[in-house]
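Protein chains in written order, with the working numbering: chain U, 1 to 405; chain D, 406 to 824.
Be careful, since some hints might not be right.
Here are the simulated lysine-lysine pairs, BS3-like style, with alpha carbons at most 30 Å apart [to be verified]:
id : chain 1 : residue 1 : chain 2 : residue 2
1  : D       : K735      : U       : K105
2  : U       : K105      : D       : K727
3  : U       : K348      : U       : K313
4  : D       : K726      : U       : K105
5  : U       : K286      : D       : K566
6  : U       : K313      : D       : K566
7  : D       : K651      : U       : K81
8  : U       : K83       : U       : K116
9  : U       : K81       : D       : K670
10 : D       : K566      : U       : K292
11 : D       : K651      : U       : K292
12 : D       : K566      : U       : K270
13 : U       : K10       : D       : K735
So the derived label-pair ranges between C-beta atoms look like this [to be verified]:
id : chain 1 : residue 1 : chain 2 : residue 2 : range
14 : D       : K719      : U       : P93       : 52 to 58 Å
15 : D       : K719      : U       : S283      : 48 to 54 Å
16 : D       : G806      : U       : D235      : 46 to 52 Å
17 : D       : P786      : U       : P122      : 19 to 25 Å
18 : U       : G224      : D       : P684      : 45 to 51 Å
19 : D       : K651      : U       : G224      : 18 to 24 Å
20 : D       : G565      : U       : P93       : 55 to 61 Å
21 : U       : T195      : D       : S821      : 31 to 37 Å
The set of hints was computed from the structure by calculation and includes no laboratory data.
The C-beta atom is built at its ideal place from N, Cα and C for all residues, glycine as well.
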Amino acid sequence: MSEFALSGVKILDFAWVGVGPITTKYFADNGADVIRVESAARPDVLRLAPPWKDARPGINSSQFFASYNTSKKGITLDLGKPKARELVKKLVPWADIVVESFTPKAMRNWGLDFPKLCELRPDLIMLSTCMQGQTGPNALYPGFGQLMAALSGFYYISGYDEQSPCPPYGAYSDFIAPRFSASVLMAALDYRRRTGVGQYIDMSQYEASLHNLAPALIDYFATGRILGPRGNRSDRYAPHGAYPCADEDGHERWIAIAVADDAQWEAMAKVLSANDIDRRFDSHAKRIASAKALDEFINPLTHAHNAYELTHKLQAAGVAAYPVQNCVDIHQDENLDAFDFWHWLEHKEMGPSVYEGLQHRMSRTPGALRAAAPILGQHNDEIFSGMLGLGAQEIEALKKENVIM
Amino acid sequence: MASELLKGFRMLDLADEKAALCGKIFADMGADVIKVEPPRGCSTRTIAPFLEDLPGPDRSLYAIAYHAGKKSVTANLESAAGREIVAALAAKSDFIVESYDPGFLDSIGLGYDTLAKNNPRLIYTSVMPFGDTGPARNYKWADIITWAAGGAMYMMGEEGKPPLQMSLPQAGLHAGGEASVASMLAHHARQRDGIGQRIVVNMQACIVWTLMNEQAMPILHGDHIQRTGVYTGSKDTRRKMVYRCKDGHISTLIAGGSLGGASTKALVTWMNEKGFAAPWMIEKDWTTWVPGMFMALTERDRFEISDLEDRIQKFFLTMTKKEIYDGTLKRRILLAPVATVADIAADLQLAAREYFVEVEHDTLGRRMTMPGAFAKLSRTPIGAPRRSPKIGEHNHEIYGGLLGLSDARIDELKASDAI
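Just chain U, same shape as in the assembly:
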């Protein structure tokens, strides 16, 4: 019975770190069989990164790795060894899609590039996703997502002013590119269903991410204007930003507010009991023009309020507002709860831990976190013996030679 949207789709996944695994997670959580080919000699760097179960490092206890690899199976091969590559070649005919995210020369050097793999599966779809694409002078750029967020312009538009950049947290662009790569892979699969023809997809994470910066790029090309950091100032809303609220348990609290027009301004002023309003603030255009002074006017008015209570009052009056939530708050957020967002999964070594659920809900074929991420080599026997029919002795020998590892 096919109950998931992608039941029956098969992916051989050589990708590691962020963008590749997040792309194939969409497939795995929606019923596709995804086999991750890992190396114990050079493990996925996410296996070496926090957060760890109980804050204790371990190759099988990184939640960072676990989160992006739910619902997948895992095997371990040292692709530097010819025998390992022979095993890969036996798996390729099984796969609808091959995904990899090494720097461009790796698959070619192993004889596992698209033309070679097509000899084994002529209608193969293959996605290569690296930092800057498969071609061009910087194709071999060895970065990771955090640097890509700087290179693709997101750091520069984050900060109070030119002198004080404040980058977004983490590898920001790693959460842009997978929405493009998952979409296009599914479209390629559908195209193949209609035409019988596979293809090769070269996705530069740099090029995909720049779509989240498109208006500023177009503006620069047309007029030379450079969008820079400007705190929370907006061309459309005033007030617009984060305003201080009463501390809770010694922790700072802020509320985000965005006021779009005069009616909302008046409603907000009423909720905050704002009196003696300066002439500088008597129209929406004037408020936008004097945003800094406006912030200074608002700050003392929000300061005594509880952020959640003030949110209720402002929203009841028709003003856009919400507490600025931290990572403790989001676990208690009623709206994420109502969406059934958080999930506890039992991991083979980590035991139960909390995972982000799906960001959308489908009425008829909903996806699911079907299983926790595999520990290193968890499915070696199932795949090598069950799928490829290798005998126990043969597998043992390959393990001794560190082919399977």
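Put chain D on the given structure of chain U with help from the hints.
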């Protein structure tokens, strides 16, 4: 030219800035995307900044960017005839993406249940700030609200100063991308059995997803990230991510071990050539240097991190962004310039891959340069998009061609303000 990937499939785009990117991705992939706008135009056309700061429905840079490749028809949802025409379009469409207030389209007879009766194949994707069931589902919205609710804002900025949004709001773009993925998932289910479905995209969840697992930190480590400006990591073990240079900023994250050892060694070697490295740095085995970012540090770790950060800062101040980036590319150092749009526009890698495309905008009397294909496809390449449409530019083509309405009927609908 649009890709052949989704040729022959039609999407009705009733989304505003909460999901305009979804239709853009579909148009890039070759679907026929029809933007259905109110007669005075979609609210996205009023998003500043405008080309040359002159407001106008064809001049919003947001609309120029994210409506490229789409067609536009107008329909007044306040009039019965306008609603009928949208229902007729839905009967001939494969996808709908919308971002009206939750329940609004249901209340005017354009909800999924009604439209699916005439078109069971329909995939109907709704993008909502807090989902369809959350207590805040009817809250007033602006992009910053989702940025705050989803946890991204809290972590951007400096301690004691306000949390920050980016200068170009991002929440609607993540939600639009997610709507595209979800719509394609439903498409696969439909290709199997011919039946569509209803999808709700939760914008708040889309932003939580961008937190790179910081969400698990309080539960697993009993610790969470503070706002620390150019640093990352928890309070006692933070690591600098941004350094000043002659003409701007540089981002790098010093690390050792298998991930960063070779890179840090190469950086130290370069610094040593120019007299900026300390003797201990030259002797250090960086491949085994792994003071964890979330783990307890020794006094020695603290000294090494701070000495390295100080000296890197002094070293970078002697060079420009470009000099440093060019130098690190040769030496394979993990580093990137904090690039401005001007740096990106001049980037040789993007030029070599012919990334940017020129789009003729006869409406503006000029060509516009835009980001090109988000991926390079061997069989069904994504070409430059058509320019963003004028309000109702395709009324005759769609209402006449697709729905078979006569010119007289279309004029009548116009006169009654239905379209």
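Hint check:
1. With a CA separation close to 16 Å, the supplied pair K735 of chain D and K105 of chain U stays within the 30 Å bound.
2. Distance check on the hinted pair: K105 of chain U and K727 of chain D sit about 25 Å apart at the alpha-carbon level, within 30 Å; holds.
3. As the CA atoms of K348 of chain U and K313 of chain U are separated by approximately 46 Å, the hinted pair breaks the 30 Å bound.
4. The suggested pairing of K726 of chain D with K105 of chain U holds, with an alpha-carbon distance near 27 Å, which does not exceed 30 Å.
5. At most 30 Å may separate the alpha-carbon atoms for a hinted pair to count; K286 of chain U and K566 of chain D meet this at roughly 24 Å.
6. Note on K313 of chain U and K566 of chain D: the hinted pairing holds, with a Cα-Cα distance of about 24 Å set against a maximum of 30 Å.
7. Restraint check: the Cα-Cα separation between K651 of chain D and K81 of chain U comes to about 46 Å, which exceeds 30 Å; the hinted pair is violated.
8. Under the criterion of a C-alpha separation no larger than 30 Å, the hint pairing K83 of chain U with K116 of chain U is consistent with the structure, at around 16 Å.
9. The straight-line distance between the Cα atoms of K81 of chain U and K670 of chain D is roughly 28 Å, inside the 30 Å bound, and the hint therefore holds.
10. In summary, the hint linking K566 of chain D to K292 of chain U is supported, as the alpha carbons are separated by about 14 Å, within the 30 Å threshold.
11. Our distance criterion of 30 Å between C-alpha atoms is met by K651 of chain D and K292 of chain U, whose separation comes to about 29 Å.
12. Of the supplied pair hints, the one linking K566 of chain D and K270 of chain U holds, its CA atoms being roughly 26 Å apart against a limit of 30 Å.
13. For the suggested pair K10 of chain U and K735 of chain D, the alpha carbons sit about 39 Å apart, so the restraint of at most 30 Å is broken.
14. Between K719 of chain D and P93 of chain U the beta carbons are some 57 Å apart, a value that agrees with the proposed interval 52 to 58 Å.
15. For K719 of chain D and S283 of chain U, the Cβ-Cβ distance of about 49 Å falls inside the hinted range of 48 to 54 Å, so the restraint holds.
16. For the pair G806 of chain D and D235 of chain U, the supplied restraint of 46 to 52 Å is violated, since their beta-carbon distance comes to about 38 Å.
17. One distance hint, 19 to 25 Å for the beta-carbon pair P786 of chain D and P122 of chain U, holds here, with the actual separation near 20 Å.
18. As the Cβ distance of G224 of chain U to P684 of chain D is approximately 47 Å, the hint placing it in 45 to 51 Å holds.
19. A hinted range of 18 to 24 Å for the beta carbons of K651 of chain D and G224 of chain U is consistent with their spacing of about 22 Å.
20. Between G565 of chain D and P93 of chain U the beta carbons are some 60 Å apart, a value that agrees with the proposed interval 55 to 61 Å.
21. Under the hint 31 to 37 Å, the C-beta atoms of T195 of chain U and S821 of chain D, about 44 Å apart, miss the expected range.
The structure is inconsistent with the numbered hints 3, 7, 13, 16 and 21, although it conforms to all the rest.
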